[in-house]
Amino acid sequence: MTNSGEEKRKRVKRPRGKVRLIEGKCIACGGRCQAECPVDAITLNDKGEPIISLEKCIGCRKCVKVCPVSAIEHYYTDEELRIIEELKKQGLWKEEQIEEKEERKTEGLDEYRGVWVFVEQQDGCAATVSWELLGVGAKLATDLGVELSAFILGDSIEHLAYEAFAYGAQKVYLIEDPILKDYRTEPYLKGTVDLIRKYKPEIVLMGATGLGRDLAGAVATELETGLTADCTGLTIDKERGLLEQTRPAFGGNIMATILTQNHRPQMASVRPHVMPMPPRNPDAKGEIIREKLNMREEDIRVKVIEIIREEQAEKIDIAGAEVLVSGGRGMQAAENFKILEELAGILGGTVSASRAAVDAGWMPYERQVGQTGKTVRPKIYIACGISGAIQHLVGMQDSDVIIAINRDRDAPIFEVAHYGIVGDLFQIVPILTRKLREIAAKKCAA
Amino acid sequence: MKVAVCIKQVPDTEAEIKWDTQKGVLKRDSIDPITNPFDEFAVEEALLTKEKYDCEVYAISMGPERAQDVLRNALALGVNGVYHIMDESLSGSDTFGTAYALAAAIKKIGDVDIVLMGRQSTDGNTGVVPGELAAILGYTPLTYVAKIREIDFQGKKIVVERAIEGGFEVVEGKLPAVVSVIKGINEPRLPNLMGIRKAAKMEIPKWTCDDLGIEKNKVGLSASATKVVEISVPPPKSQGEILKGELDEIAEALASKLLDLKIIK
Numbered sequence: 001m002t003n004s005g006e007e008k009r010k011r012v013k014r015p016r017g018k019v020r021l022i023e024g025k026c027i028a029c030g031g032r033c034q035a036e037c038p039v040d041a042i043t044l045n046d047k048g049e050p051i052i053s054l055e056k057c058i059g060c061r062k063c064v065k066v067c068p069v070s071a072i073e074h075y076y077t078d079e080e081l082r083i084i085e086e087l088k089k090q091g092l093w094k095e096e097q098i099e100e101k102e103e104r105k106t107e108g109l110d111e112y113r114g115v116w117v118f119v120e121q122q123d124g125c126a127a128t129v130s131w132e133l134l135g136v137g138a139k140l141a142t143d144l145g146v147e148l149s150a151f152i153l154g155d156s157i158e159h160l161a162y163e164a165f166a167y168g169a170q171k172v173y174l175i176e177d178p179i180l181k182d183y184r185t186e187p188y189l190k191g192t193v194d195l196i197r198k199y200k201p202e203i204v205l206m207g208a209t210g211l212g213r214d215l216a217g218a219v220a221t222e223l224e225t226g227l228t229a230d231c232t233g234l235t236i237d238k239e240r241g242l243l244e245q246t247r248p249a250f251g252g253n254i255m256a257t258i259l260t261q262n263h264r265p266q267m268a269s270v271r272p273h274v275m276p277m278p279p280r281n282p283d284a285k286g287e288i289i290r291e292k293l294n295m296r297e298e299d300i301r302v303k304v305i306e307i308i309r310e311e312q313a314e315k316i317d318i319a320g321a322e323v324l325v326s327g328g329r330g331m332q333a334a335e336n337f338k339i340l341e342e343l344a345g346i347l348g349g350t351v352s353a354s355r356a357a358v359d360a361g362w363m364p365y366e367r368q369v370g371q372t373g374k375t376v377r378p379k380i381y382i383a384c385g386i387s388g389a390i391q392h393l394v395g396m397q398d399s400d401v402i403i404a405i406n407r408d409r410d411a412p413i414f415e416v417a418h419y420g421i422v423g424d425l426f427q428i429v430p431i432l433t434r435k436l437r438e439i440a441a442k443k444c445a446a
Numbered sequence: 447m448k449v450a451v452c453i454k455q456v457p458d459t460e461a462e463i464k465w466d467t468q469k470g471v472l473k474r475d476s477i478d479p480i481t482n483p484f485d486e487f488a489v490e491e492a493l494l495t496k497e498k499y500d501c502e503v504y505a506i507s508m509g510p511e512r513a514q515d516v517l518r519n520a521l522a523l524g525v526n527g528v529y530h531i532m533d534e535s536l537s538g539s540d541t542f543g544t545a546y547a548l549a550a551a552i553k554k555i556g557d558v559d560i561v562l563m564g565r566q567s568t569d570g571n572t573g574v575v576p577g578e579l580a581a582i583l584g585y586t587p588l589t590y591v592a593k594i595r596e597i598d599f600q601g602k603k604i605v606v607e608r609a610i611e612g613g614f615e616v617v618e619g620k621l622p623a624v625v626s627v628i629k630g631i632n633e634p635r636l637p638n639l640m641g642i643r644k645a646a647k648m649e650i651p652k653w654t655c656d657d658l659g660i661e662k663n664k665v666g667l668s669a670s671a672t673k674v675v676e677i678s679v680p681p682p683k684s685q686g687e688i689l690k691g692e693l694d695e696i697a698e699a700l701a702s703k704l705l706d707l708k709i710i711k
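As they're listed, the protein sequences go chains W and X. Quick note: the first sequence, position 425, residue 425 per the numbering used here, numbers continuous. For any residue, its number in the numbering used here is found by taking its place in the second sequence, counting from 1, and adding 446.
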């Protein structure tokens, strides 16, 4: 008799629960939950949010674990709760622990040591982002207790090695070859990949410039490792010794922290002006390690025929400006930028624009601030008629002082502004310019 | 003589985005999916190439069901054919997984001389897929192209102008090549009503991983070398000060603040 009793108990199905979407939290990441579901219980609606079939759901919680914003929760239905109560009475219910599966470490990762920074150069002049990267690289190397090195490719560029020492590199890996005179993907790729394969750095940082993006993508593909582009923050997870890479994700509306756990090197790129310049110590010394480029000109699929330099006078570098007066959709027309030019004039600044203003044809592309334009960190940023889409904010939020003028009090620009003025920019800007002129005139007289 | 153009559907991130600060989430009602703006230049360049050299143009997009909208738009503009790469296993792919799947589709189309694509997407913004795609296919990478000067399909050569720091370089590359284009290379056309009508009726062929012979361990979320381990909503800073009062007072206050910052010498 006891036997049949036990059988009966076994037949009670152990409740596994179901999952549901927490209203308003889904960011439509592209259906990670759907991809993970083993029983096809999840479909996506046209907004890209999951629709969960409770009939099919087996409560395995795979979707819960994979959701980047914890938008899916596990729960028990009323009926299941009743069964659980019953099981509890019989002492047969134990709360399940969701076990965190520890990522298996791929062998050989420990062979990789050291932080490397790519020094990007053109005609022997280094891109300043390279030095900015040495600044953040030094911090990472200290936290890991490893060396900071730079690697430089080019033709007759030894002088840059000393510059790299001055900005904190302890070692410089150098490949000099006439083939490397002008940047071309193939020879730079070959040189970089050979260096990384031979010396095995654990972290490789590159500038997210045109050249840097071109090279970084190719290198990561060749080495079959992860690349996190356009990072805005780089830190070390001290417990595991991993590079924590933070960047705007899913259209820039949220920040994601990204790890490259099982591949080496951990590659990341950072845009110019995102990291501060480190101090320069001209007396710093280091070791230069020379390598050869194992490639012949005939093997290269690309030839540079000619380089056309733009007139320096025409070139406006908003990224280097100390004061930026920036206009957005609220400027309404190209001619209205005149009032911003007047304000910028008195402040010794430059006029920049949001993407909306550039797309409307009011300002040229080289003046565009934001994710698809330039990242700037001036001392003063005055945003006029810019609502502040996150793509704009990520391009200017590190400015020392941000002043926003906008009619809409709820515009996101006010969330990053140090000083905000809610009102009509066409009234405020001219008055401000006049006040500043008066002050300047008084100072001059005194 | 075949040209493939890769296009991506992205959220219209320039639509006004507002935060629901109570819930700490994005108000999504206003965000419609659109063709990645940079890819519109690639499509236009492909159409111009078609008109000039009488080649065939195929558009490819990878994405969920709704991504077929961007392909339909390309059809309306006049491409010869489109292919929609759609497979649940591809969801959550990183840039490598994306490039790998696109490469498989390009191989399946066969004899593609030029792959055109935008320099980057406006949602992921990494700008590394063109380089990765070229590396996987073994094609010549030509990124940040501001002008295609000449294509010699028979001689397997292309001459382009690439944007570089402080100017342009004129480069000759061997075909096949992956060409990523920048804003301003052309003026993208709009589809006409006839084109839209015609495209609305057309069947959009779908390719799954199996169709493309994609090894599933190379794509999708689980294959990504990079893993998102934490997501945070940028906290509203809002320690800023809203200046209030009459216009004159506000301007006065702001002027004195600028003075304090020692901007006016």
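Hints should not be assumed to be uniformly reliable.
[Claimed, not checked] DSBU-like mimics (lysine-lysine), calculated; alpha carbons at most 30 Å apart, straight line: (1) Lys-181(W) x Lys-662(X); (2) Lys-496(X) x Lys-602(X); (3) Lys-200(W) x Lys-644(X); (4) Lys-285(W) x Lys-303(W); (5) Lys-338(W) x Lys-620(X).
[To be verified] Covered by chain X, per the in silico footprint, the following chain W stretches (three or more residues, Cβ under 8 Å): (6) 29-42; (7) 371-384.
Everything labelled a hint here was simulated from the structure, so no lab data went into it. Even for Gly, the Cβ is constructed at its ideal location relative to N, Cα and C.
**OP:** Identify every previously stated hint that the structure contradicts and give their numbers, smallest first.
**Re:** 1, 3, 4 and 5
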